[in-house]
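Please build the complex by placing chain B on the supplied structure of chain A, with the hints as guidance.
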Amino acid sequence: MPRNGKSNGKGNGHWMGQRLKRKEDPRLIQGISHYADDLRLPGMLHCAFVRSPHAHAVIRSIDTAPARAVPGVVTVILAQDLEGVGNVPCAGVLPDLKTPAHPPLARERVRYVGEPVAAVVAEDMYAARDAAELVQVEYDPLPAVVDTEKATAKDADLIYPEFKTNVAYVHPLKNGDIAGASKRADKVVKERLVNQRLAPVSMEPRGVVAQYLPGERTLTVWSSTQIPHLLKTQISLMLGLPETSVRVVTPEVGGGFGSKLNVYGEEAVVPWLAIKLGRPVKWIETRRENMQATIHGRDQIAYMELALKRDGTILGLRARIFADLGAYYQLLTPIIPTLTALLITGCYKIPAVDIEITGVLTNKMATDAYRGAGRPEATYVIERMVDLAARELKMDPVEIRRKNFPKPTEFPYNTSTGVIYDSANYQMSLKRALDLAGYSKLRARQKAGWKQGKYYGIGLSTYVEICGMGPSSAMPAGGWESATVRVEPTGKITVLTGASPHGQGQETTFAQLVADQFGLKPEDVAVIHGDTAAVPYGIGTFGSRATAVGGTAVYYATEKIKTKMSAIAAHLMGVKPDELAFGGGKITTKDKKKSVGFGEVVSAAYMARTLPPGMEPGLEATHFFEPSNFTYPFGAHICSVEVDPETGETKIEKYVAVDDCGNVINPLLVDGQIHGGIVQGLAQALYEEVIYNEDGQLVTGSLMDYALPKAVHQPQFVLDRTVTPSPVNPMGVKGVGEAGTIGSCPAVVNAVCDALSPLGIKHIDMPLKPEKVWRAIQSAQTPSPAGKRARAQSRARRTA
Amino acid sequence: MKKDIAINLNGVEHRAQVEPRLLLVHFLRETAGLTGTHIGCETSLCGACTVLLDGRAVKSCTVLAVQADGRSVTTIEGLAQGDQLHAIQEGFWEQHGLQCGYCTPGMIMCAHDLLERAATPTEQEIREALDGNLCRCTGYQHIVNSVQAAARKLGKRKTTRAVAAD
Chain A
0 MPRNGKSNGK GNGHWMGQRL KRKEDPRLIQ GISHYADDLR LPGMLHCAFV
50 RSPHAHAVIR SIDTAPARAV PGVVTVILAQ DLEGVGNVPC AGVLPDLKTP
100 AHPPLARERV RYVGEPVAAV VAEDMYAARD AAELVQVEYD PLPAVVDTEK
150 ATAKDADLIY PEFKTNVAYV HPLKNGDIAG ASKRADKVVK ERLVNQRLAP
200 VSMEPRGVVA QYLPGERTLT VWSSTQIPHL LKTQISLMLG LPETSVRVVT
250 PEVGGGFGSK LNVYGEEAVV PWLAIKLGRP VKWIETRREN MQATIHGRDQ
300 IAYMELALKR DGTILGLRAR IFADLGAYYQ LLTPIIPTLT ALLITGCYKI
350 PAVDIEITGV LTNKMATDAY RGAGRPEATY VIERMVDLAA RELKMDPVEI
400 RRKNFPKPTE FPYNTSTGVI YDSANYQMSL KRALDLAGYS KLRARQKAGW
450 KQGKYYGIGL STYVEICGMG PSSAMPAGGW ESATVRVEPT GKITVLTGAS
500 PHGQGQETTF AQLVADQFGL KPEDVAVIHG DTAAVPYGIG TFGSRATAVG
550 GTAVYYATEK IKTKMSAIAA HLMGVKPDEL AFGGGKITTK DKKKSVGFGE
600 VVSAAYMART LPPGMEPGLE ATHFFEPSNF TYPFGAHICS VEVDPETGET
650 KIEKYVAVDD CGNVINPLLV DGQIHGGIVQ GLAQALYEEV IYNEDGQLVT
700 GSLMDYALPK AVHQPQFVLD RTVTPSPVNP MGVKGVGEAG TIGSCPAVVN
750 AVCDALSPLG IKHIDMPLKP EKVWRAIQSA QTPSPAGKRA RAQSRARRTA
Chain B
0 MKKDIAINLN GVEHRAQVEP RLLLVHFLRE TAGLTGTHIG CETSLCGACT
50 VLLDGRAVKS CTVLAVQADG RSVTTIEGLA QGDQLHAIQE GFWEQHGLQC
100 GYCTPGMIMC AHDLLERAAT PTEQEIREAL DGNLCRCTGY QHIVNSVQAA
150 ARKLGKRKTT RAVAAD
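Residue numbers (numbering that gives the first Met the number 0), protein chains in the order written: chain A, 0 to 799; chain B, 0 to 165.
The shape of chain B in the complex, shown without the other chains:
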């Protein structure tokens, strides 16, 4: 029996009838057509499918779509504002934080979660925060650099906004 759900997805409400067993990642990819969220293991070990559920990082392969009913989900497609990349995306680009790019959306969403909680994380805090996200290409060093660069950018932007508000 299908269930009616409504998910605020990247700021836009999506309504759908879904099977109760439908995974959130499949809802995002197949129902909503947003394929930026990747599937790497389907067992919540690789983190490629990480999205934000009400602002906190979750692995969307172990969340049911019905569990996201009435909540807001942010995916990689929801980060950039038009042509303006998010600071974390810029960080990954500038620091060569990706090679094949498959883990990247999940890494970026996980870093987003971290930087919301800690504005200036240490290297060790970054490595620990990314513990549930696997990358096979980079050896993680450039990913760490990317998150650090993003933290600096976000810090500057906040300062700029604060000054503008004054």
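Bound conformation, chain A alone:
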């Protein structure tokens, strides 16, 4: 795999930039780690939820007697039993936002399929599920509000009659002379683009185990979450317990993708049951529940307009976006679509914008943060629009992009949407991708292919994204991160991070970072996370922030200790502390004439007999890092496809991704993030779609109906990277968790639409399932000459 000389991101130290295998893996590959479902506590009970089969209905009556009669059943609870338990929290605040109350169990009405109505607790899981089946709920169904756009009509049925509308908010973002842009434009390109609803589907569903010790007055909640500290605070608020009595522990977390960046009703109900019953209670989500009642992502309809000059210069962008919020808010539901507005100009200079986002309540599960969270939606619509514009103007999609990129010297770059891109060289990543893909050869092959009835397409996506979330001023609940670094008396290092991971590998990358800073080895560094009793208050892992914000907190905490150790070492050697270097297990003077062992300095700190006068003993430092800005990774993805006109099937032939996430701590892990990200974006383009029918019934309620990508569908991805360090943090890192997803989805759709361009097909909405593509091909009304030729030849081949 070709690599730029600098591209492995090797820092000055020995471990940064190395493809180290992960420290967390031995326990995972042997099946001896512990996810929530693997926890066993003495006397533990099992919980199952009874959920609404209706999208919208009034609960007329609930009969729990048959369920209570099942042997082993301990209790069945309803909403009225949860007197005093607070609502499920939402941290999103917007002007004039209509916020519905969101009780953990439904009261009086249900508003989406899968809404919890009752909870059953039994001695074992089989009994709990048997009994849940027997809870008799009588419903009076109401008309379901399903269609996002129709829901905004004046005469639409209402989910919350008290609001008198299903529109939860209208969020405008206007800047520059949009009227002038339209007037001066040679061309205004318009399209309606849909980002369909997706399900995050972490392989481990959600799970909660709770135990209350009345003597100690301590509630411990093990939850499969991305945000243990925020969850601890919210559980204490929902249950009315002092926060000092609540401890949240994240066991091993089997993926999240944003779906566990949340506080769910079950995270209040299960602990409440454990307190009431005086026994530990476990609830593990089934996959069906996961499809119904874990947050969904995307679900936006965008009416886009791009005003351009004949030479491809973009003058302005207009967007009217309908964002489907679902029936209730989860933690960030209303604000996710506002991120789409911030990023909608992509990596282009667009001086005038007029954006309006309408948040709409519907009888569906809440949407919230799913890998990319608002940003893939933005990248998709701008990247599609730029491609559509190129086609209208008869330009190469490469040229129109280059025409509108800011120059590398223009960074930090202020966008008309009000964010400041930190650093970038879009020209460089695009060029690298074009070279790797063999772009001109692909184009030549495409032309030749069309003549033979072959539908080859080439799709580009040049993206920028908002990562390293983020400065607190722009975040709903603090955007900083904490770290504590402690040098233990034996010289081993303990790192406590608030950025609790769920597969990202911080135990390895943070160890690499700290090992370099101290001049030790990664095996000398243990990274502890996900226990609020052990780790100082933190925010969590999401928004590609763990390294850029959490890692930087670790960096600064380590520097604080180094300063102290330098002072001790200098005192021991009788030199000035600012001339010392850490390395090889020693602390050495600049002239290398004097040194003192790392362990010796550690001993001095703990024995506290030879410390400089007035210095505190011990070697521990905490840092709360507040970033000054987001980081803005970017890149260029190129996808080449062949579409089979007979079946409508898309085959990805080549996929090249050049990503720039700043400096890289572990290239192996970065590649893994990119691979996984690409497949999630590609899956949105080709396969995945949450479908509710007109009654609000969830059609895609299992993995049988919801098409997750499989190994056999994926090509080998060709990766490369450029390195443009971020000025926002001292390590120059940007973040990489969401890049692949953001970059890949439009590249694939652009490729398929490019393949079908001879047929006059401009656009097909995702997912580009074979049937949909086949139908588009069949109904293509005005094929271009090349398309006519291709179709005639294809017919000729069929008859032959």
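It is worth saying that the hints were derived from the structure and are not from the lab. Positions of the beta carbon are idealized from the N, C-alpha and C atoms, including for glycine. Keep in mind that the hints are not guaranteed to be accurate.
As the list claims (entries may be wrong) - Example chain A residues on the side facing chain B (calculated, C-beta under 10 Å, incomplete):
1. Leu27
2. His33
3. Arg39
4. Leu40
5. Pro41
6. Asp123
7. Met124
8. Gly254
9. Arg287
10. Gly671
11. Val711
Relative to the frame of chain A, chain B by itself:
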């Protein structure tokens, strides 16, 4: 009415009285206490619960414990020999074939089945063999690399054993 069953589990006989409807995966996790086998869908679509039943990969969420009576079951916990990891486990570690790790035991057991049948599978054969195992993190490329690395390791080990036997 409960049934008596005896399952040879990772080389050790486990006897238990179980409900006839008890799934093998629940027997493994709840009765035998081996929680390395994960549950991801309970409908045999995700493959997280894959184990070997008489050496062949099965999804233990769609096998009843009573169906495994008198047979041998190998789970992820049964692969390593003491501190010596199995070649497939090493492959996954070295090639970064896992991120969150939840699908990993099933992936490894499925790869075991494949490599027993085909010592040097092609990339396409590996992808097809893993068709019933879903991973949401890796995009599969490093998983494919892991299985290829494991095949090379197993090939070398066999050669070494053959040479030693000579």
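Consistency of the hints with the structure:
1. Leu27: holds, 3 Å
2. His33: Given a least distance of 7 Å, the restraint on A:His33 holds.
3. Arg39: holds, 8 Å
4. Leu40: violated, 13 Å
5. Pro41: violated, 14 Å
6. Asp123: holds, 8 Å
7. Met124: For A:Met124, the interface hint holds, since the closest Cβ of chain B sits about 8 Å away, which is under 10 Å.
8. Gly254: Cβ of A:Gly254 sits 4 Å from chain B, so the hint holds.
9. Arg287: This interface hint holds because 8 Å falls under the 10 Å limit.
10. Gly671: Holds, about 5 Å.
11. Val711: It holds, given that the least Cβ distance between A:Val711 and chain B is near 4 Å, below 10 Å.
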